[in-house]
Amino acid sequence: MKIKSIGIGRSLRSKLHSSWMAVCLVVVIILPIIILVGLVLKSVPILDQYSLSDLLFSSEWRPMSGKFGFSGFIISSIWVTLVAMLIAMPICLLTAIHLTQYAKKWMLKTMYPIIDILAGLPSVVYGVWGVLFVVPLISDYIAPLFGKTTSGYTILAGAIVLAIMIIPFILNVLISLFNTIPTELSEASLSLGATRWQTIKHVVLRKAFIGIVSAFGLGISRAFGETIAVLMVVGNVIGIPKGIFQPGYPLPSLLANNYGEMLSIPMYDSALMFSALLLFIIVLFFNAISRMVIIRSTKHI
Amino acid sequence: MKKFAKYEEWFFKGLMYLSTLSIGLVLFVILFSVLYTGLPYLSWEMISSIPEGGYYYGKSGGILNAIIGSLYLSLGSTALAFIVGMPLAMFMNIHLVRNTKFVSGIRFILDLLWGVPSIVYGAFAFTIMIYFGLKTSLLAGIVTVSLFILPIVVRAIDEVLMTVPRGLFESALSLGSTKSEIAYRIMFKQCFPGIITAILLSFGRGIGDAASILFTTGYTDYIPTSLGEQTATLPLAIFFQLSSPIPEVRGRAYAASIILILIILIISLLSRYFTKRYEKNKINF
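Keeping their order, the protein sequence lines are chains L and Z.
Those letters in the first sequence? Residues 221 to 521, per this note's numbering, in order.
Those letters in the second sequence? Residues 154 to 438, per this note's numbering, in order.
If you're looking for bench data, these hints aren't it; they were derived computationally from the structure.
For glycine and all other residues, C-beta sits at the position ideal for the given N, C-alpha and C.
Errors might be hidden in some of the hints.
Looking from chain L toward chain Z, a few residues come up when the C-beta cut is under 8 Å (computed) [as the list claims (entries may be wrong)]:
no., residue
1, Met241
2, His318
3, Gly340
4, Leu357
5, Ala476
Cβ-Cβ distance ranges computed for the label pairs, FRET-style [said to hold, decoys possible]:
no., chain 1, residue 1, chain 2, residue 2, range
6, Z, Lys166, L, Lys368, 53 to 63 Å
7, Z, Glu401, L, Ile515, 44 to 54 Å
8, Z, Pro400, L, Leu410, 55 to 65 Å
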């Protein structure tokens with residue numbers, strides 16, 4: 221009798237727990253849908269009044285007189301992301317190859333904690349470092365080198381800070397990617413007399429090519445959404461930037477700087493939610509494509 | 154030709170060393186430049202007192218409110234994310250273990266959510282709050298941050314649970330364990346170090362993020378005493394004080410960054426320690 225009652229208690233507990241699990245699952249599955257629906261609903265008013273191409277391709281941003289053109293912000297975002305990727309890509313690729321193919325044990329033992337700490341540092345700390353180090357570096361040394369004078373709060377500053385923030389992220393993806401490539405392949409190549417580097421160039425990199433591209437895609441989506449650190453160093457001047465030594469105003473900064481105090485101006489609120497929607501869609505797009513490609517390519521290896 | 158191959162190898166090897174070195178160097182430069190400027194401003198008063206009158210003009214006071222607020226915020230949100238995330242990770246690895254397609258679909262969604270910028274969570278949460286007429290509060294911040302770290306918690310625990318050998322799972326089932334017993338008496342114990350690491354990881358994420366709480370927690374000079382009150386947080390304290398024109402106030406932002414970096418380093422060390430300490434309790438095959 222006693223045994224039986226315990227049995228019921230156990231299975232009841234298990235059932236209760238299972239249903240709680242199912243609730244959690246539902247929460248996670250509908251969360252992105254709720255966010256998407258919420259953002260779309262809030263941006264409907266502005267999409268009703270302006271055409272999509274007006275919003276995306278006009279650069280006039282004067283909320284007080286009802287002018288909402290996002291192109292300056294979008295182009296700033298693209299600039300910052302692109303330059304950051306240009307800096308981060310070669311460094312990540314070379315370091316990942318080094319750590320997975322060449323490095324000695326002590327090297328790995330020192331590098332992994334360093335990458336972990338870099339990945340864990342809060343973005344506001346990167347921002348502080350950007351203000352302390354990168355901005356003066358640009359205004360005092362890099363810009364004069366190219367014959368320009370700036371305050372240092374530029375696209376380039378944002379890009380450098382951003383590059384360093386996404387390096388550990390991309391690096392981790394690349395390292396796990398290179399580790400999934402079977403060693404038999406490189407062993408075969410080495411036994412045929414190829415040098416280590418030839419093996420990497422012709423076998424490892426070729427095998428990992430799609431994975432590398434999608435790792436960079438993940439990096440792009442990470443870089444596009446980064447807010448605080450970029451906001452602190454990028455200058456935040458509205459307009460279309462014409463070079464890396466000019467200040468920019470990326471989309472996330474627009475949201476962070478203006479959201480929360482925009483309620484009195486008509487459509488402003490909707491415009492900002494539209495920018496959040498843009499951000500959400502662009503980031504999800506890059507993320508989804510890269511993830512799908514990674515899943516596909518690891519299946520075939 | 155052979156010679157060329159040799160030079161090429163040297164060249165690229167050199168580049169690789171350089172880039173690896175540069176990553177190490179960057180961490181050093183970051184820590185050094187923040188410490189160098191921030192240390193002179195760091196004092197016991199900074200850590201142990203809340204802002205007093207005229208604090209934002211450079212008068213006395215500290216950022217205890219932000220430190221405590223940040224700890225409350227990330228403790229609360231980590232707990233909340235854990236309560237939802239842990240069962241979900243278990244669900245994926247115990248109940249759904251046969252539906253591989255469904256599970257990889259969930260993993261895909263979680264990975265996507267992980268990539269959503271925290272500012273989007275913040276803006277979204279703020280809209281919801283306006284819609285229901287809620288004020289900025291510690292609770293709102295906790296919920297927002299927990300949404301933001303939920304995918305991290307689930308995926309990190311999930312990665313650990315995936316490493317549990319199926320034999321262990323099946324032998325427990327064959328001995329008559331219910332699924333919840335398998336989850337908490339076996340999987341949980343087996344993966345304890347990994348789960349601790351996952352919690353610490355998300356705690357670190359929660360304490361460092363500024364964009365998601367920019368609109369949801371508000372800011373106050375006092376230590377919050379209930380969930381409904383506004384709260385200050387370290388990242389926002391740094392962010393706001395850095396934009397001040399007064400050098401003393403900016404200096405405090407640097408000092409506050411040192412505190413934040415220290416917290417992150419402690420978390421990183423703790424997770425290493427726990428991984429080592431509990432690794433020996435694992436059943437090995």
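Verification of the supplied hints:
1. Proximity of L/Met241 to chain Z holds as hinted, the smallest CB-CB distance being about 4 Å (cut-off 8 Å).
2. Interface hint at L/His318: satisfied, since its Cβ lies 4 Å from the closest Cβ of chain Z, which is below the 8 Å cut-off.
3. Checking L/Gly340 against chain Z: minimum C-beta separation of about 5 Å stays under 8 Å; hint holds.
4. Nearest Cβ of chain Z to the Cβ of L/Leu357: about 10 Å, over the 8 Å cut. The hint is violated.
5. At a threshold of 8 Å, the smallest CB-CB gap from L/Ala476 to chain Z is about 6 Å, leaving the interface hint in force.
6. Against the hinted window of 53 to 63 Å, the Cβ-Cβ separation of Z/Lys166 and L/Lys368 comes to about 35 Å, which falls outside the hint.
7. Separated by about 53 Å at the C-beta atoms, Z/Glu401 and L/Ile515 satisfy the suggested range of 44 to 54 Å.
8. Range check, Z/Pro400 to L/Leu410: Cβ separation about 59 Å, and the 55 to 65 Å hint holds.
Hint check: violations occur at hints 4, 6; the rest are consistent with the structure.
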